[in-house]
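Order-wise, the sequence lines are chains A and B. All residue numbers for the first sequence refer to my numbering, where the first residue is -15 and numbers rise by one. All residue numbers for the second sequence refer to my numbering, where the first residue is 561 and numbers rise by one.
For the record, the hints were derived by calculation from the structure and aren't laboratory data. We treat Cβ as the ideally placed atom computed from N, Cα and C, and that holds for glycine. One should not assume that every hint holds.
[Said to hold, decoys possible] Partial chain B-side listing against chain A, Cβ under 7 Å, derived:
(1) G659
(2) H702
(3) F716
(4) T721
(5) G751
(6) A754
(7) P756
(8) E769
Listed here are the chains, written in short residue letters.
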Amino acid sequence: MIPRYQTILFILLLAASAVMGVVLWQLREHAHKRLLRGQDSAPTQAPTVTPAEQATLLIANDADDSLSTQILSLPLPQNPEARARALLGKLFDLYAASGSTHPVPGGAASVAQVFLVPLPDAGGKKITGGAELAVVNFTGAFASSHPSGIETESLTILSVCDTLNANLPRVTQVRFLVDGQPRATLAGHSDLTRTYQASNTVLESGDGGAAGGKRP
Amino acid sequence: MLSGIPISRLIPPAYTYPLLRSMDAMRVGAGIAFLALSAAVLPSTLDAQAPPAPAARFLVVIDAAHGGEDLGGRFGNQPEKAYTLSLSVRLRSLLTARGFGVVTTRESDATVNADRRIEIANRANAQACISVHAAESGTGVHLFVSSLPPAEAARFHPWQTAQSAFVMRSNALAGELNAALKNSGITVTLGRTALPMIDSLMCPAVAVEVAPEQPANPDEGAQDAAGIDDPSYQAHVAEALAAALVEWRADGMGGRRP
Ligand SMILES: [Zn+2]
């Protein structure tokens, strides 16, 4: 037979440990919330004290599989990589807006980073001030929510390449990553593993010219 | 203002591809064995040894994109893979009725990887290859040819750029499809794109992406865009594609070697 005082002691200790458990859980939740608040208040973008500049965006249109030029006035950072990211952020904000000609969800947050890498010249030397490769790192959320289709995926890639080249003429090639990793296709179609040429000079205009629309 | 059809520009990947695909290697091996044999046997027995002569029939490869685990896109209540299969089956029966030989890359909801599809298509030695897709975005039918720069025909093609020797004729095939679809009152856009499947094909090849007949009305939600599901629209598209291929055959186009 267990003495009565031992039973009472046991119940008290059990109750105390339950209370401590609840208190610990609440402390943990508080700490977590504090951490999240701290992250929210951290500046995600440099303060836009720079004066607005003219930027050229190449806007995709799903209706006729085309790109059209739109010139906007934007405050842009001086750092080329931050500048490239801001330009693409604006592009994807336009695509996410209602009434977009190329609806793609995600907005500015779709582009995690843009890295600019000097390309070797003809002699194999990497020179600063020469041609550059832009590496565009999309978020996984963007890639998984991108509409699937040859046309829509091709247009997203093209408009990114041409927008970069239009504003940063040194960018002549573009590669893509998703969450920092290579990925086979954007959303099941367009190849994301290859290096894309970013140069407006290759763009043809006119009805059906690009794909031999005229009969042979 | 820059308008018109964009081109996916790309440069060949920096790495070196295997020069021969295994199938080509097998052909070379078979060719050497055949030559050795032909020196030793009577000409009259050669016919029996030779591989079957290319069928007199005009061969078309229809690739129903996606399938099995690869759902493709999604619209209305069905995944893209189901739509591409039903259009492929419809087009196959139309072409067969018109005397074409037809090879399909899948006849059921099976997972067929890109390499297997390419192997089926390239082995068929076809005069036209049509890869069927469907998408919710855009309107009408989108035709895509490879964005590879055209190249001279060669006996051996690097695996990932085999289509470059066929790009000119793929453009011509896209033109034929464009004309027939427009004749049927269907909106058509033409473009170039970087699709691994198309870039490896050794035949005049076009990716056909069927989009809704009418632009989606944002007020009515996504269901409206599913006008693509309409069986009469699908039949209309299939008829136009078949008519284009009849023209393609009549023009004496096609043929594997450029
Ligand atoms: Zn598809």
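Here is what the structure says about each hint:
no. : hint : verdict
1   : G659 : 23 Å, violated
2   : H702 : 5 Å, holds
3   : F716 : 21 Å, violated
4   : T721 : 11 Å, violated
5   : G751 : 5 Å, holds
6   : A754 : 4 Å, holds
7   : P756 : 5 Å, holds
8   : E769 : 5 Å, holds
The structure is inconsistent with the numbered hints 1, 3 and 4, although it conforms to all the rest.
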